[in-house]
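Undergrad: Once you have looked at the hints, place chains B and C on chain A.
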Amino acid sequence: MEPIQLGNGDAEFIRKVEVESRQDMKKCYQCGNCAAGCPMSFTYDYTASQLIRLIQLGQRQRVLSSRAVWMCATCETCSTRCPNEIDVARVLDVCRHMARREGYAGERNVRLFADAFLQSVRMNGRAHELGLMAVFKLRTLKFFADLSLAPAMLLKGKLPFLPHRIKARNEVADIFRRFKEGRAEDAAGGKP
Amino acid sequence: MKIGVFICHCGSNIAATVDVLKVVESAKSMPEVVYAVNSMYTCSEPGQQAIEEAIKERGLTGVVVASCTPRMHEPTFRRTVERAGLNRYMFEMANIREHVSWVGKDKAANTAKAVDLVRMAVEKLRLDKVLIPKFIPATRKVLVIGGGVAGIQAALDCAEGGMDVVMVESEPSIGGKMSKLDKTFPTVDCSSCVLGPRMVDVAQNERIELHAYSEIASISGYVGNFDVTIRKKATYVDWDKCTGCGLCTEKCPSKKSYDRFNEGMGETTAINIPFPQAIPKKATITAASCRLLSGGKCGVCAKICTSQAVDYTQKDREITVKVGAVVAATGYDLMDWTVYGEYGAGRYPDVITSLQYERLLSASGPTGGHIRRPSDGREPKEVVFIQCVGSRDPSVGRPYCSGFCCMYTAKQAILTKDHIPDSRSYVFYMDIRSPGKGYDEFTRRAQEEYKAQYIRGRVSTVYPKGDKLVVKGVDTLVGEQVELEADLVVLAVGGEASQNAPKLAEKLRISYDGYGFFMEGHPKLKPVETNTAGVYLAGSCQGLKDIPSSVAQGSAAAAKVLGLLSKDKLESDPQTAGVDVKRCVGCRKCINVCPFGAIREVDMRGQIKAEVIEAVCQGCGLCTATCPQGAVQLSHFTDNQVLAEVEALCQS
Amino acid sequence: MTTGKTFAYYPGCSGSGTSVEYDKSSRAVCEALGIRLVDLPDWNCCGSTPAHQVDHVLSAALSARNLAQAETLGLCETLTPCPSCLKNLHNAVEHLREPGFGARVNALVERPLTREHSVKSVLQIIYEDVTPEKVAEKVTRTLNGLKLVPYYGCLMNRPGRSMHFDDEENPQALDKLMRALGAEVLPFPLKQECCGGAMGVPDNRITSRLSGRLLEYAVSLGADAFVVACPLCQMNLDMRQAQAGDYYGRGFNLPVFYYTQLMGIALGLDKTRLGLDKLIVKPAAALAKIGRKAKEEAPAASGAGRTAEAEVEA
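Chains as they are written, first to last, in numbering that gives the first Met the number 0: chain A, 0 to 191; chain B, 0 to 651; chain C, 0 to 313.
For reference, chain A alone in the conformation it holds in the complex (with noise of 0.2 Å):
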């Protein structure tokens, strides 16, 4: 890996992700305290206490492109124990937003799911677990995973076929398309 150059740290990014998180990244003084008990660093590249060192020193590419970001189950035990009380979850929430508004691929499985789901929400109103499944297998082709739960499920009445519509379904509707059009003013005002 090329070395990080320390002058070219991306005040930009760093400055964005405290905005919009409202975590000052300078109060990490890196004891680890949030990788330690992460119960989802098993599945990371870096750790979350690298994170906020990649953060720390500016590095948007390194940041946005990993897999931790996306990997987060926001569990919140990073923010609990942080002796600096940095919402460390929601810095990576944060970068997790701007890996997808600059269109990082991220984890394929973990962004097509949270689309499918908000797809549901968006053209019912609520989520609609078994329509939601299925337009993510269709989309990941992962046909067999979880097949063995449907039955049971079922049977149990815990999986309803059609979905529980909302009457105005048009005022959650346009809350994602107002987010769709002011992410897209904000793109136009020039913002990175």
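Mimicking SDA-like on lysine to any residue, the simulated pairs with C-alpha atoms at most 20 Å apart in a straight line are:
| id | chain 1 | residue 1 | chain 2 | residue 2 |
| --- | --- | --- | --- | --- |
| 1 | B | Lys128 | B | Gly84 |
| 2 | B | Lys471 | A | Gln29 |
| 3 | B | Lys588 | B | Gly605 |
| 4 | A | Lys155 | C | Arg272 |
| 5 | C | Lys146 | C | Gly221 |
| 6 | B | Lys128 | B | Ala83 |
| 7 | A | Lys25 | B | Cys400 |
| 8 | A | Lys15 | C | Ala102 |
| 9 | C | Lys281 | A | Pro150 |
| 10 | B | Lys464 | C | Tyr247 |
| 11 | B | Lys471 | A | Thr42 |
| 12 | B | Lys467 | C | Tyr216 |
| 13 | B | Lys104 | B | Asp115 |
| 14 | C | Lys277 | A | Pro150 |
| 15 | B | Lys471 | C | Leu189 |
| 16 | A | Lys179 | C | Ala102 |
| 17 | B | Lys467 | C | Leu220 |
| 18 | A | Lys141 | C | Tyr246 |
| 19 | B | Lys464 | C | Val218 |
| 20 | B | Lys523 | B | Cys400 |
| 21 | B | Lys464 | C | Leu189 |
| 22 | C | Lys4 | C | Leu74 |
| 23 | B | Lys464 | B | Gly340 |
| 24 | B | Lys176 | B | Ser190 |
| 25 | A | Lys179 | C | Gly101 |
| 26 | C | Lys277 | A | Phe160 |
| 27 | A | Lys179 | C | Phe100 |
| 28 | A | Lys26 | B | Val395 |
| 29 | B | Lys471 | A | Phe41 |
Label pairs and their computed distance ranges (CB to CB):
| id | chain 1 | residue 1 | chain 2 | residue 2 | range |
| --- | --- | --- | --- | --- | --- |
| 30 | B | Asp335 | C | Gly248 | 41 to 49 Å |
| 31 | C | Gly73 | A | Ala172 | 23 to 31 Å |
| 32 | B | Lys104 | C | Gly73 | 53 to 61 Å |
| 33 | C | Asp166 | B | Asp421 | 34 to 42 Å |
| 34 | B | Tyr449 | C | Gly248 | 38 to 46 Å |
| 35 | C | Asp166 | B | Ala107 | 58 to 66 Å |
| 36 | B | Asp239 | C | Glu136 | 58 to 66 Å |
| 37 | A | Ala172 | C | Thr5 | 25 to 33 Å |
| 38 | A | Leu140 | B | Asp335 | 52 to 60 Å |
| 39 | B | Asn591 | C | Pro111 | 52 to 60 Å |
| 40 | B | Gly513 | C | Thr130 | 32 to 40 Å |
No lab work stands behind these hints, which were simulated from the structure alone. The beta-carbon is built from N, C-alpha and C at its ideal position, and this holds for glycine as well.
TA: The following block gives chains B and C in isolation, referenced to the frame of chain A:
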């Protein structure tokens, strides 16, 4: 009046952002100023000499120095003008460094502000009066509060210097935290072998009067003349009769009393002598555990005592002493680590504090110096040390480094290997802080010679699994989580100010910081003084420190006391308040606001008037500001002088 | 005491799907305790984990619409049984107080909020307002003999500086409520360790690994069942229990109750309102323990920690 003004460059400290020559020129046209000059370093020898020469050659009757804060060099320049024959109070200082050059970048604005400050000083000086200090007799005796290693050192050094000492210790024995330690770093010498003889010296020194199991009820008076009331807590044993034979402790049937000395690692009897080397070696009854005192029937100790020392009717009693100076050496407490739920918050018996571990290591401890797990008495093989528990943690209000934990943890890792050769120690650390003499070498020895495994990272959680403790953490150097099934977990718990420190500070009228540590007079130049004359500090009550530093401060405080009380009489600061009885209406407001109790009420032909006790007055000015009649005036800071300064500023 | 107090009720999407029994039993228990719930009219999904992982403003906007629905009822105290919904609703309220955030949320929603809202879990109200002591008074059938492992999951209490409910490292609400019902509660140090959360669909090996650890520890304590307060945790532990078993090469057979189901049994509520038949791992064997004396069985291998914890709590 002939005033001379000296404007200091302070190298580039002032000159970089203040046009010094311009300030000199402006000063020349100020009223009664006959001489103004700049100086590279006014406080240096040539700088001071220039002032002396100017006074003599030009017949100056008052001097203004515009330089740094008066907290730094006012005493210096007062001595300078005094050497040249002026009264030391015919001197004023304008702070154009801290108040100007260090805080502003705009040179023009800075220069204008510096001129203003000089003009104010000149106007104040014009109203200065010659003040002559008085001399007050002093009691050549010192009170040392706290019998830990710092207090012991201060007491012995004072006694060595011929001073009488009264030592007050709240526990039944002196020795403090050090007496609980097994060995000390970095020499690994036995703590009680080092401290024990010093404790005996305290007991045997004829100049030292020891009051153990006692506390300070109140202190009044002032430097040279403090009146101290000491509360001697009931021990239910007449210590004049008690021989310390220990028979009572063997026969006492109440054997489940919390063992304070052993940090709860063992249990003790209701009547007990805390440890074999205790000074004084006298028995004390813990009333709450005593069957008889808590309402039951017993009386075994009284029956067994051959010298009839047990006295169940004993009450707290108070005695008073008069001293000339006070040394506060009240030490520290361990922070309450049970706020850490991730380490079990005290639910797991085999997660213990470093101080509890010292008691397990100590031959005089509850296990006779054999390391045994509190839960099952088994010898642990895998021992985990977690550093910075309650240190450097803003989330629990302890953002500071306790300073000594890195070192004692290295020592404990070494001792663990000594005690149990087939054991393995793991030390989780954030940074290793070992700046003392031989300290870093010591932490290396723990790793190289004693094979302690140092892991750079934190422990996230500790929880039981079977008879083991699962320790989950991270090694940030490899960037991976680590896990271990440990037998014993030792928490390097940080220190905090003693619980009672703020209360004592208020009795002593000294300042303490946000954490409860006593404030030194100046962080560099007055490390053992306080802002209250005659009160000195030693040891961890001023800020956490290790044994060598505590001892050094003990000696330093003793030197200060010996210096102060080397004369029979003390010079009192004449910058005190005074009451114009004609104006005083006896409203008592000044009496209520005075933090030093320096104003009393007197009856003057049937009328109530305030009167300042000059020797007690510290010149803080609260009374002056409070008096609705302008009857109380602080000399050297009279209302007229303050108004003259304000006017100078407003007219500029 | 909350008896008679009215709250807006947000069931969450899983309440009409994978956790239908949680919704049913929560309603039944609240009714029995005098906590009056009024359903939010035409509520929408809070967006769950996916929403806040895509954008915090979007997530808050979805929650804000629900809180605006509460305002149409004239209510500003909302209860939900689901910790994930709780977290989203709660964070929305918290983030809306931050400068600039509100305006961005308001730009997305139909009706901006006009009132200050509070969002709590049903569990919090039962624990803090009703209290375990009062619950104990209403018990008609004690759960004596049932050994439970309480599992809280990640979200309800953490971080304490934000959630302000119970102890962030060693929560007690389920422990004390279950004890109030007469059950034996085993000390479970992993009570907040993550079960894998929403990773089940994207990669069920992750949930298997994390949930399996919880199951293993619970079995080692000699537990008869888990008791939980989170639909996602319940699903990972119950529905995916076989997957976890496969992952660790062993079988598990540990029922995973919602705390409201057990409360329903102890309060003598109509069984049909508790949805016990909806549990994947059959609870019959565990339920059969009720009434048997705990002492009859050999004490399970639990170790020093357990005795210690029992001592402290005694």
